[in-house]
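Engineer: Respectively, the protein sequence lines represent chains A and B.
Sequence positions in the first sequence follow this note's numbering and run 1 to 441.
Sequence positions in the second sequence follow this note's numbering and run 1 to 159.
Derived from the structure by calculation, the hints contain no laboratory data.
Just so you know, not all the hints are guaranteed correct.
Unchecked claim - Covered stretches of chain A (chain B as the covering partner; in silico rule of three or more C-beta atoms under 8 Å from a C-beta of chain B): (1) 145-157; (2) 218-224; (3) 227-241; (4) 311-317; (5) 368-375.
Beta carbons are placed, not taken as given, at the ideal position from N, Cα and C, and that holds for glycine.
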Amino acid sequence: MSAVPPTKPVHPLVQDSCVHRDLYTDAALFEQERHRFFARSWLFAGHGSQIPASGDFITLDLSGQPVLLLRDAQGEIRAFFNRCAHKGSKLYTLAQGHAGKMLRCPYHAWSYRLDGKPLTVPLKEGYVGTGLDSSPSGQGLTLLPGVRVYREFVFVRLSPEGMDFEAYFGDALKAIDNMVERSPVGRLEVAGGVLRNTIACNWKMYLENINDAVHPVSSHESASSAARQLWQGHGSDEPMPMAMEQMLPFANGYEYFDRMGARIHPQGHSLLGVNFSIHSAYAVPPDYQAALEASWGAERTHEVLQRSPQNAVLYPSIALKGSPLSMRVIRPVAVNRTVVEAWSFRAVGAPDLLLERAMTYNRLVFSPMSVVAHDDVHLFESIQDGLLAMGNPWVSLHRNLDAIENAQSKADTNSANEWLMRNQYRAWAQTMAQPLASEHA
Amino acid sequence: MSDVQAQSVRDFVANEARLLNRGRYQDWLGLFASDGRYWVPLGGDVQHESDVHNALANEDRLLLGLRVARLLAGRAHSQQPASRSAHVIQLPLVDQVDDHAAEVYTPFTYVESRGEQQVWLAGHWCHRLRREEGAWRIALKRVNLLNAGAAHAAIQLFP
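Take these sequences, add in the hints, and give me the full structure.
Structural biologist: Take a look at the structure:
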């Protein structure tokens, strides 16, 4: 490989081969990120199965914004800012609930239709001639500028600016197709509860690590060697418990993790484990395969089942696995605090085994009590502190850097290639550098 | 229920807490029956045993053994520095006891400290004990955390 000539940076903190520590440690940059990056990106907000009936809602904090997802009277999913038009009280403070036929603020009983339009206010006569009807406060709830429901996965965009949904995700959405088509009726349901972690690190470290096929060998050595030694005492004819089936592949070496293969998608999205992954060896029940074939045909079924990527990242909010049916949701809270959730899915019409695999994997690997996660979390928090060091301010992402990257936004490559991370930062830099509408002269 | 039996159950639970507080994890593991289980349900005390719902931990002897082996091997990055824990338990309330089995309810607060960091949890234990070869053994230790579903920092030991 010849020397790689540097290109002119789009953003001063993101070079071809490395990124500046301020990306992880600068509180002012984190605030800018909220307006420039997260608000203009498509973020995962929820899943349709959480709000099956008209009037069902969930509330969440999305990049510092209070959000209310609701199924309206027509069965459509609506996304509002969770703020009464009157004085700003949140309409609902439960994480999940049922509003009935209208929304009603607990403070002064202003009420709204399920589509957010104003319904009534008490002491109506007191508003005659006051200008309320034509003011922002008289317009009802504020809809989020962007909402798209893709096969029940609800994505939102907080800002009216930014790319449209299809251009933003493109082929990366096939990771969702792969999950959904693991159900013979093409339907997933959120099930088994959500495991939630708070980690004292910047969100980028977690997302980088999802694409880091090199770290398991050294990071997870204590867990994988304990698993291996423990299992060695058992006979080879003894059926392997699901937990061991899921833990032991962490003990593979560098070569294994590099051969998995990776796919680079535009806008920071990616797929790790194009060829195989630590999940490839899970057995497929024969009846289940037949049920899928009846729905999707033999060819598509084969395509769905043979693809068990380690992680598909829909940058910057989720990472998906098809087998086990697991999703991680990454929620930045502060420059040095990130909440990471692990969700499990039931594939409707598929054997219970699939949900059990998802729940078991999430518990073993993504729970606050997981011995695998403990070493990851320790290292992320150690990096958050370590990056404050004076002197070298750069984080190296040099591995397998090649000049072809600058001309290609889509490619297949080796999985140890830090292109996966450079790809995230190129997308980040592009969006951050893009002027806001308010900045156009 | 005899006083002697009930007292032996209370002593068992108090001794278990002491083993954990002193970091004697191998000895603690020895308190579990061969089919014993350590369970921290994600839904806390409202979760039913039959619910299809996840747990922060749901471990048989094999997985508990893995946890203890990793801690004792001294090679875990996340144990530099090592974690220590204190279980402050209320007087265990023996709900049921006979010659073969017992059920006992024990409210606790739990502090896990590691370097400058400290995790504080509260809840209650529900032990299901079984008499094996003249000694109590844990068939099920259920740990109901008050805030099981919250976003937690790493919990590295055994609440």
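Engineer: Does each hint fit the structure? Answer for all of them.
Structural biologist: Hint by hint, here is what the structure shows:
1. 145-157: Violated: only 0 residues of the region 145-157 of chain A have a Cβ under 8 Å from chain B.
2. 218-224: With 4 residues in contact (Cβ-Cβ under 8 Å with chain B), the coverage given for the region 218-224 of chain A holds.
3. 227-241: holds (count 4)
4. 311-317: violated (count 0)
5. 368-375: holds (count 6)
In summary, the numbered hints that this structure violates are 1, 4.
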